[in-house]
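Student: Residue numbers (our numbering), protein chains in the order written: chain A, 18 to 380; chain B, -8 to 140; chain C, 609 to 800.
Be aware that a few hints might be false.
In silico DMTMM-like links for lysine to aspartate or glutamate, alpha-carbon gap of 20 angstroms or less [claimed, not checked]: (1) 55(A) / 251(A); (2) 55(A) / 87(A); (3) 716(C) / 203(A); (4) 82(A) / 112(A); (5) 55(A) / 113(B); (6) 352(A) / 48(A).
Calculated from the structure, these hints are not laboratory results.
A quick note: this is a predicted structure, and the numbers were derived from the prediction, not measured.
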Amino acid sequence: MYVAVKGGETAILNSYRLLARARRGDAAVPELSLAQIKGQLRHAVDRVMQEGSLFDPELAALALKQAAGDTQEAVFLLRAFRTTLPRFGYSVPLDTAAMRVRRRVSGTFKDVPGGQVLGPTADYTQRLLDFSLAGTGSANLEEPTALAEPLPERLPCVLDVLNREGLIEPETPPPGDPAPTDLTREPLMFPAARATRLQNLARGDEGWLLGLAYSTQRGYAESHPFAGEIRMGEVTVSIAPEELGFAVDIGEITLTECQMINQFAGNGSAPPQFTRGYGLVVGEAERKAMAMALVDRSLRAPELGETAHAPAQQAEFVLCHSDNVEASGFVQHLKLPHYVDFQAELSLLRTLRAGFDAKGDAQ
Amino acid sequence: MSTIDIPTRQRWMRALALSPRAALESGLAPHLPPPDACRWLRRPQTGLVMVEARSGGSGARFNLGELSVTRASVAVGERVGHAWIGGGDARHAELAALADALLQDDARHAELMAGVIAPLEDAIAARRASASRAAAASRVEFFTMVRGE
Amino acid sequence: MMLTAAFAQPVDDAQATFRTLLSALSEPLLPRALPVFPDAPAGVSPAAAALLLTLADADTAVWLPDGLADAAAWLRFHAGCVLVSDIAVADFVYLPQRSALPDLPTLKRGSADYPDRSATLIVDVAGFDRAAGVTGSGPGFAAPRRLGIQGLAGDFWPQWTRANCAFPLGIDAFFVARDAVVGLPRTTRLEL
Chain A
18 MYVAVKGGET
28 AILNSYRLLA
38 RARRGDAAVP
48 ELSLAQIKGQ
58 LRHAVDRVMQ
68 EGSLFDPELA
78 ALALKQAAGD
88 TQEAVFLLRA
98 FRTTLPRFGY
108 SVPLDTAAMR
118 VRRRVSGTFK
128 DVPGGQVLGP
138 TADYTQRLLD
148 FSLAGTGSAN
158 LEEPTALAEP
168 LPERLPCVLD
178 VLNREGLIEP
188 ETPPPGDPAP
198 TDLTREPLMF
208 PAARATRLQN
218 LARGDEGWLL
228 GLAYSTQRGY
238 AESHPFAGEI
248 RMGEVTVSIA
258 PEELGFAVDI
268 GEITLTECQM
278 INQFAGNGSA
288 PPQFTRGYGL
298 VVGEAERKAM
308 AMALVDRSLR
318 APELGETAHA
328 PAQQAEFVLC
338 HSDNVEASGF
348 VQHLKLPHYV
358 DFQAELSLLR
368 TLRAGFDAKG
378 DAQ
Chain B
-8 MSTIDIPTRQ
2 RWMRALALSP
12 RAALESGLAP
22 HLPPPDACRW
32 LRRPQTGLVM
42 VEARSGGSGA
52 RFNLGELSVT
62 RASVAVGERV
72 GHAWIGGGDA
82 RHAELAALAD
92 ALLQDDARHA
102 ELMAGVIAPL
112 EDAIAARRAS
122 ASRAAAASRV
132 EFFTMVRGE
Chain C
609 MMLTAAFAQP
619 VDDAQATFRT
629 LLSALSEPLL
639 PRALPVFPDA
649 PAGVSPAAAA
659 LLLTLADADT
669 AVWLPDGLAD
679 AAAWLRFHAG
689 CVLVSDIAVA
699 DFVYLPQRSA
709 LPDLPTLKRG
719 SADYPDRSAT
729 LIVDVAGFDR
739 AAGVTGSGPG
749 FAAPRRLGIQ
759 GLAGDFWPQW
769 TRANCAFPLG
779 IDAFFVARDA
789 VVGLPRTTRL
799 EL
């Protein structure tokens, strides 16, 4: 229990001033612009958009600037802002197969149709600190060697190869293609449908998902995953406004998609086949998409008839602790005045201690 | 009533939404009606659209996250123009709504398609082709070493 | 059909109206002046139009009587709400003056867990008379208060009583006449 306290207004106003000065840092150094943050810290912006669950690079960059680079604080700012905006509706479901791919790799097939496309990845760097970046104006920006042929408009999906052989579970809309639960409108309830879980994971904390995904690989869940396909690029968003009565394209968003393939021995009703774990996140965020796909698959244990004994297989444990706005709020609320509460504990402890000491003296 | 079909209208609305605002501003400048000829049914307003995706790319629908969207609607004479634009740029939505109204006017349609929409589409196609060519420059063939033979 | 505009300042006007509606519900049966009126479509009073624009959005289902096609298109456009033909799933039910009274107990009355997931009526009436009519008491009344609501359907009060016989389940209502609104939550005890 915490109680309201009064007073301290001047101190609070001065804490605002100190915060603003600390944010700005040395005034002799030029101030960051939002264009710089958007253009040069794109992964930070992407992460704020993912966990803030609002795709708006301009606002995410502003939140990062205001939060002085504290990702979770920026996520909180974005979540708070979105509550001030009206909801216009829902998009037409994205067609990720039509992604204009800038990167596409597969860990399962060497010769994927359309080829492996590395794109802007750090995977093949030596992870040595590049001191040429320490200054400004020294970056070496060579153009990629020009290739005459662009990629095909629709790069074939890797899993379709397995699908054609019937060796992977099909992924088709359920009858009636129902609208999913929306966690921004409905509370999280259990058992949670896969669609609900995917929404929760897509906005979940990357560190949380990464740790859980890692746990499934270390043996806390029978999981033997392969990265069937990872693709990153731009996808068109369409909506069908009421007044038009037809769908229109309204913009493009950058997405990273991960299709994990997992072994499945089969059960009474399903033959032995590969099963799927799915990760989809806004921006360039391969690590998060992969972690999401692993956790999606581990959470499917009950519906696939597997025993769910590992933490990453337990939906309530995973989904109730994935939101870093909730988590950070509850952890940090301990800073609020618990004075009365603590006084009660203190007097209880003094009583117990007095009893303990009296018993000791008696012996 | 205009004789223009839905696919054509979808085509120009896509071009207006996917182009940068500056390109609309310069392309439309000579064509914009005077302000007193426009009746704003809905001034530019920014809100949220929940973006849906599908599990596994093709399965059940799920909610991925929200996108900032700005919309506007304007009546120019008898024609009502609508705009829905990703992002928070009010002027972009205003220009797109005005263009949508003007493009429905049979008398001006051909001129605007050729003079405004076609160049926007060309720029989008060029931007996409350039990104695709750059990505294709990083396409690899991996060679697996044969083991154990 | 030509679409008409709505609130001149959509956000400010809806907020001002919402504030008035909160006051109207917190002191039931006390008429209050609405602050601002939108362009309204044919068949909907400006006051009811203000309430619909303020309360309806993409997450609410609205029921309109037959014959209000212009109003339906206007509401879809400006509020983005879902219009339903099944009154039992509606969050808001609009009744213009002299329209037939639907069977009120069939409206959504919420559940024991969520009594708030219920319908709210928006009713156009002829006028209010503070010297006659029903007497209310309960939350929001320092003392019992009378109000005559003129132009209601003859069986309105018996139906209202039946719809609200299972408190906390029930329905709530706003009545509008010209520039005034009156709130009537289910918590009000009525002497008819």
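Student: With reference to the structure, classify each hint as holding or not holding.
Tutor: Here is what the structure says about each hint:
no.	hint	in the structure
1	55(A) / 251(A)	holds, 17 angstroms
2	55(A) / 87(A)	holds, 15 angstroms
3	716(C) / 203(A)	holds, 18 angstroms
4	82(A) / 112(A)	violated, 33 angstroms
5	55(A) / 113(B)	violated, 26 angstroms
6	352(A) / 48(A)	violated, 32 angstroms
Hint compliance for this structure: hints 4, 5, 6 are broken, all remaining hints hold.
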